[in-house]
Every structure is written in C-alpha cells, then in structure tokens.
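J.: These are the residues of each chain, in order.
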Amino acid sequence: MTVPRKLPLLEAETAFFWTSGEDAKLRIRHCRACGHWQHPPLARCPKCHGADLAPEPVSGRGRVTSFTVNHQAWTSDEVQAFVFAVIELAEQKELYLFSNVLAAPEAMHIGMEVAVRFERHEDVWLPLFVPVEAAHD
Amino acid sequence: MTEFAEKLCRITGIGQSRVGRPSPKAPIELTLDAALAAIADAGLKPEDIDGIANYPMKSTEGGGISPVGVGEAMFALGIDCTWLGSGTHEGPGHMSAIFGAVMAVASGICRHVLVFRTVAQAQARLVSRESTLLTGHQARVDGNNAWTVPFGAVSPANMWALYAEAYFARYGYGPEQLGWIAVNGRRNAARNPNAIYTKPITIADYLASRMISTPLRLYDCDTHIDGATALVISHRDTAKDQPNPPIHIEAIGMGLGGLGQGIHTGDFTTLPGAEKAGAMLWSRTDFTPADVDNAQIYDGFSIHTVLWGEAIRLWGKGEALGFIDGGERIALTGELPINTGGGQLSGGRFHGYGHTFEACTQLWGRGGERQVKGARLSAVCNGGYGYGALLLRRD
Ligand SMILES: [Zn+2]
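Read top to bottom, the protein sequences are chains A and B. Anchor point for the first sequence: position 58 equals 58 in the numbering used here, and the numbering is continuous, going up by one each time. Anchor point for the second sequence: position 74 equals 211 in the numbering used here, and the numbering is continuous, going up by one each time.
Do not rely on the hints blindly, as some may be mistaken.
[Stated by the list, open to error] Okay, derived cross-link-like pairs now, EDC-like style, lysine to aspartate or glutamate, Cα gap no bigger than 16 Å in a straight line:
{"hint": "1", "chain 1": "B", "residue 1": "K182", "chain 2": "B", "residue 2": "D170"}
{"hint": "2", "chain 1": "A", "residue 1": "K6", "chain 2": "B", "residue 2": "D279"}
{"hint": "3", "chain 1": "A", "residue 1": "K93", "chain 2": "B", "residue 2": "D404"}
{"hint": "4", "chain 1": "B", "residue 1": "K510", "chain 2": "B", "residue 2": "D428"}
{"hint": "5", "chain 1": "A", "residue 1": "K93", "chain 2": "A", "residue 2": "E113"}
{"hint": "6", "chain 1": "A", "residue 1": "K6", "chain 2": "B", "residue 2": "E267"}
{"hint": "7", "chain 1": "B", "residue 1": "K510", "chain 2": "B", "residue 2": "D532"}
{"hint": "8", "chain 1": "B", "residue 1": "K144", "chain 2": "B", "residue 2": "D423"}
{"hint": "9", "chain 1": "B", "residue 1": "K510", "chain 2": "B", "residue 2": "D430"}
Note that these hints are calculated values from the structure, not bench results. Since the model is a prediction, treat every value here as computed from it, not as a measurement.
Produce the complete structure using the sequences and hints provided.
T.: Following this line, the structure appears as structure tokens:
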C-alpha cells in the first residue's frame, strides 16, 4: 500500500508528536493537573485550562472508529487503494488520531483493534497502524 | 427582551450569474452579473447599497475558492459603502457573511447590504487539476492539514467518507439509500435552467459510478463551477416599500465546534456544530420542523445532507436515509422536497449560496417547472466545517 504523502512541517507545538517514534513510542500531550489527553496539542488543557502539559507515552493501541478506502488519484500520479482511518486511542474516549491502517481494504471494519507502527520519512516518524493480530510480524 | 436581529431584516432581492464549467467571464464580471441582478430585483440602484459582505475573504490560493473581494466589488459597482465585511473560514461557515449582514442592518449601520459569493474553481482547474495540498509550493504541510495530508487524505472527500461509513455502520444503511440524494438532485437540476448537470441519472447509474473514497462515489461529490450568487438584505422598514414580497429571516442558527483544528468530537455520525446551529434556529421561532415545506440542505457531499437534516431536526437521529430511500418523499411533490434546484451535486458548487438563492426562488414562486406548490417556509443549511442555518418565510 503506497500512499501519496506530503510530510508535516515540524512546528513548535507538534514536533514532539512527529518525532516521537524515534524510540518506537507514541506520545500524546497530557495534562498533569487533571490527567486529560489532548490531540492535536493545544496551548492549554481544554478541560481544566491548566498549562502544566507534557508529551507522555501512550500504549499505541486503539480501535478504528471509521475508515475509508481511497481510490481517487488526487494528482496525475497513479494511486493504489489505501486505507485512511480515524482511530480512537485506548487511553481516552474520543481521543482521535487520523492515520493509515496497513491492512487489506476488504479486511477493514469499524471496531478493529489496531496498534501503532512507525514509518520513518526524513526527520518524521509517521505513526501508522496495523491490526493487532498482525502487530508482531 | 431584545428583539432578535434577524427579525429586523428581510431578503428583498436575489441574483445569480450564469453557471459555467468553465465560464468565459472573469470572476468580477460574474460577481457584477449576480450583484446587479439582485440589486435590481430588490428595486434598488447600486447607490442604495451601503454595505457589502462576502464569504470568505478574497484568496488567491485554494484554486479559485474566492477570487473577488468586497472592496473590489464595491469599486466595480461604482459605489461608496459604510461597511464592508467578510465571513471567515473560522466563523459559522458560508453563512457567516449573511449573519454579518444581518448584524449590520439590525444595528442600524446599514439599510441595504449586498451579500455575494463568487467561485472560479472550474477556471482554476484549467490551470491544474491536481490537489493544491499535494503539489503546492510548500515542501511540507502545516496547520490543520498536517493531521490528514501526511496520511494521503488530501481531499475533504476522505474526511466525509469517514462520516458516511460510520453512519452506515451505526444505522444499517448503505449506498442504496444514500444514492437517492444524488438522484433527487439530478432530477431537480433537469428543471433548473442554471444547473450544470441536467441529464437524469438512476440509482443504478449512481451505484455504477466511480468510487472516490469508500463509501463515497463520484455522484456523492459536488462539482466545481464558475459563478456568483448575490442577495440583498434590507431593513424591514424599507423592505415594505420594495417590489418583492419581503422574505422574513424567521430565525438564524450557527454553531462551531466538534470539528476543526484537527479536533473531532462525537462518534462521526453527527455534526456537533450543526446540532448547535439547529438548536439555536428552533429557539428563535415558534415554528417547528414539521412546518418546513421545502429544505435546501448543504450537499458538498451527499452525506452532509443526511447529517445536516438530522441536526436541524427535519429527521430524527438515524432516520434521514429511511426517509430519503426511494426518493419519493424528498421529490418536488413529496412530503419534504429537498435541494429543489439540484443542490451542489448537480446544480454546481455555488458554495452554499445556491441553497439560499433556491429557497428565495421557491418562496417567491419563481421555480417554474421545479416550483414547490405553496412554498412558504424554507430551511437552509450551509457548511461542512462551520455551520449556519436559516429559516426563511414568506407571508
Ligand atoms: Zn487539565
């Protein structure tokens, strides 16, 4: 499954997220005061408005809330079908991450358990996901 | 109690340029075609206009999304205004320009505000058909788009496909039901002389159409056009002396939240911001959803119509596609005709403003072959990432 990608710019608030995979751990911004996880990272905690925030490792596990199989070529390059999905991380309800699930389109289903797997592109470690039963290939 | 701002305002004139794919006319000419038609329709001269609003602010990026600014329009009309305003991408969607106009009129700053929306997306596609997000001049993607583009999701089609898939899974519907929104749009567009696609399609044609991003097919996606729509919002004190029976802005509803900056709330089967818009809309009127006799519901993608219709309570949660299935109840002769001019799917992406234009067309009885008999109360919804709704009424 090849995906036509453009890499993210490493911005002050988000660089930790895109480089987190260097040690194979997914990190999400966490509020030390109230324990709320937030993604994408914001300047303050949306629950308690606190500023004591730091990236903390998460399990990297989650479930597919919804998915789509893209067939359309959005540039003149040919495209193979790929899966784009919204994943609810295990740590918190509605803690959503958009990503690709590296699975056959016909195997996809809502509720599928997935685990993170990083793919390095230059200075970015993209957090991609695989079905959990295939996570230990 | 303060009187709601919209109760002081009336829609007194509408205008629309010819639709083109592409149009031979420059965007400013399309804008003037629509603006001058709306001003004349309102029984006014350009000099009577003392405010102009559009959505969004002029942009030279984004493939023709907003090629004409309010100042440019003012100079081209040869007038001098008191107030100019633009709705932003961060406001309550496309209708933010209408809401701005309502506030300008209700506050006494303006008497007659011209609102317009011009798009030149078909002309832009002659230059490049490629996704500007993938090919743009920047080597990397930043801001909101950084959360989706690195994963190949360069089109809103990918995002709205997630909503369609989740909705199907939760309520047990599928393309056999969703497709009727496209079939209905095409059927109505065939009766709209300014629609872009008028050749009828069947549900079989829909199901055979090219897959874009499952479960959304080609006919679930609206189409790039060049064109402009305009309307005049006047104070009710002057509207009574203008030629058209004034259209009351019975209620407005707006909402943000639930989606944006890469943040989504809910389970992808509702639009939380549109739910807020719906709640606000019905809190400002004694009418109820059952009183609506035609609805012009945003259809950038077909799934918008489902989610928006439920958000403004035309249908209960999970009930939209049961109502839409078969296409009869949403047809011109059905219980609740929707997108009577073809919507954006077949009418062309006038980007929300086609929906308000169509509502006024219906309320003024100008629909010709697509006229809904006895249209008196129209609900209009706009937007996929910021949400605005109108309830329009004719006495
Ligand atoms: Zn907190």
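J.: Compare the structure with each hint and give your call.
T.: Verification of the supplied hints:
1. B:K182 / B:D170: holds, 14 Å
2. A:K6 / B:D279: Roughly 10 Å separates the two Cα atoms, so the pair holds.
3. A:K93 / B:D404: Holds, because 10 Å separates the two Cα atoms, which is no more than 16 Å.
4. B:K510 / B:D428: holds, 14 Å
5. A:K93 / A:E113: Roughly 15 Å separates the two Cα atoms, so the pair holds.
6. A:K6 / B:E267: Holds, at about 14 Å.
7. B:K510 / B:D532: holds, 15 Å
8. B:K144 / B:D423: OK: B:K144 and B:D423 at ~13 Å, within 16 Å.
9. B:K510 / B:D430: With Cα atoms ~9 Å apart, B:K510 and B:D430 stay inside 16 Å; holds.
In this structure, none of the earlier numbered hints is contradicted; all agree with it.
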